[in-house]
Amino acid sequence: GIQVEQSPPDLILQEGANSTLRCNFSDSVNNLQWFHQNPWGQLINLFYIPSGTKQNGRLSATTVATERYSLLYISSSQTTDSGVYFCAVHNNAGNMLTFGGGTRLMVKP
Amino acid sequence: DGGITQSPKYLFRKEGQNVTLSCEQNLNHDAMYWYRQDPGQGLRLIYYSQIVNDFQKGDIAEGYSVSREKKESFPLTVTSAQKNPTAFYLCASSTPRTGEGEAFFGQGTRLTVV
Numbered sequence: 037g038i039q040v041e042q043s044p045p046d047l048i049l050q051e052g053a054n055s056t057l058r059c060n061f062s063d064s065v066n067n068l069q070w071f072h073q074n075p076w077g078q079l080i081n082l083f084y085i086p087s088g089t090k091q092n093g094r095l096s097a098t099t100v101a102t103e104r105y106s107l108l109y110i111s112s113s114q115t116t117d118s119g120v121y122f123c124a125v126h127n128n129a130g131n132m133l134t135f136g137g138g139t140r141l142m143v144k145p
Numbered sequence: 155d156g157g158i159t160q161s162p163k164y165l166f167r168k169e170g171q172n173v174t175l176s177c178e179q180n181l182n183h184d185a186m187y188w189y190r191q192d193p194g195q196g197l198r199l200i201y202y203s204q205i206v207n208d209f210q211k212g213d214i215a216e217g218y219s220v221s222r223e224k225k226e227s228f229p230l231t232v233t234s235a236q237k238n239p240t241a242f243y244l245c246a247s248s249t250p251r252t253g254e255g256e257a258f259f260g261q262g263t264r265l266t267v268v
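Protein chains in written order, with my numbering: chain A, 37 to 145; chain B, 155 to 268.
Hints in this document: simulated from the structure, not taken from any laboratory. Heads up, a few of these hints could be off.
Some chain A residues flagged as far from chain B (calculated, every beta-carbon gap over 10 Å) [stated by the list, open to error]:
#, residue
1, Ala53
2, Asn60
3, Asn67
4, Gln69
5, Gln91
6, Arg104
7, Tyr109
8, Leu133
9, Thr134
10, Leu141
11, Met142
12, Lys144
Derived CB-CB ranges, DEER-like [claimed, not checked]:
#, chain 1, residue 1, chain 2, residue 2, range
13, B, Lys224, A, Asn81, 32 to 42 Å
14, B, Gly170, A, Val100, 23 to 33 Å
15, A, Gly93, B, Gly217, 39 to 49 Å
All values derive from a computational prediction rather than experimental measurement. We put the beta carbon where it would ideally sit given N, CA and C, even for glycine.
Construct all of the structure, not just a fragment, from the sequences and the given hints.
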């Protein structure tokens, strides 16, 4: 099946700093999503981005499907950005959503 | 409110018992999924269903069973055959049936074996 790798696995930032999280996947995909898991375990949808670039406030994402990677940008980080960020992809058959291992972000005040 | 509802939020099970986790959605989504998350780890797929009365095993189906009798409901049973059931369980749904659409998650059920 598809392999999804995220980097870095852990990231510590000072409040106000910018960061880039990366997601690589091993095969062509129909769909890619970015999620933020909050301290209570809830998965919050950030972006549905099979290709191209999207922005939502301080967050933006870019997927280059032909090169099999996606990037999540966090600008002017805040302590509330802390948590785990996951990317997930649907295979071409569309029947399985596979997750990467996540990037654990801690933003210090 | 549209969304995915998982219940209960916390569940305690004695060893040797079967337990059933509920997942209901009112988003009119075709596809539904169950994932398991262990502490500090990513999500692993247990089962998925693309249509009523049909479901497929994911990567870690052993010790689990599901049913899909209604489009809105996809309950997961953790059987006594599951050797290490303590984990966080998440249910998701998406549309269309082939799953290219955006997936949404419930709030999860924390299962603890006592």
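Cross-check of the supplied hints:
1. Ala53: Nearest chain B Cβ is 24 Å from Ala53 of chain A, so the label holds.
2. Asn60: Holds: least Cβ distance 14 Å, greater than 10 Å.
3. Asn67: Label violated. Min Cβ-Cβ 5 Å, cutoff 10 Å.
4. Gln69: Its Cβ does come within 10 Å of chain B, the nearest being 6 Å, so this is violated.
5. Gln91: 17 Å, holds
6. Arg104: With a cut-off of 10 Å, Arg104 of chain A remains clear of chain B, as the shortest Cβ separation is near 17 Å.
7. Tyr109: 20 Å, holds
8. Leu133: Check fails; 6 Å does not lie beyond 10 Å.
9. Thr134: 7 Å, violated
10. Leu141: At roughly 14 Å from the nearest Cβ of chain B, Leu141 of chain A sits farther out than 10 Å, so the non-interface label holds.
11. Met142: 14 Å, holds
12. Lys144: 20 Å, holds
13. B:Lys224 <-> A:Asn81: 32 to 42 Å: For Asn81 of chain A against Lys224 of chain B, whose Cβ atoms are near 25 Å apart, the range 32 to 42 Å is violated.
14. B:Gly170 <-> A:Val100: 23 to 33 Å: 50 Å, violated
15. A:Gly93 <-> B:Gly217: 39 to 49 Å: 42 Å, holds
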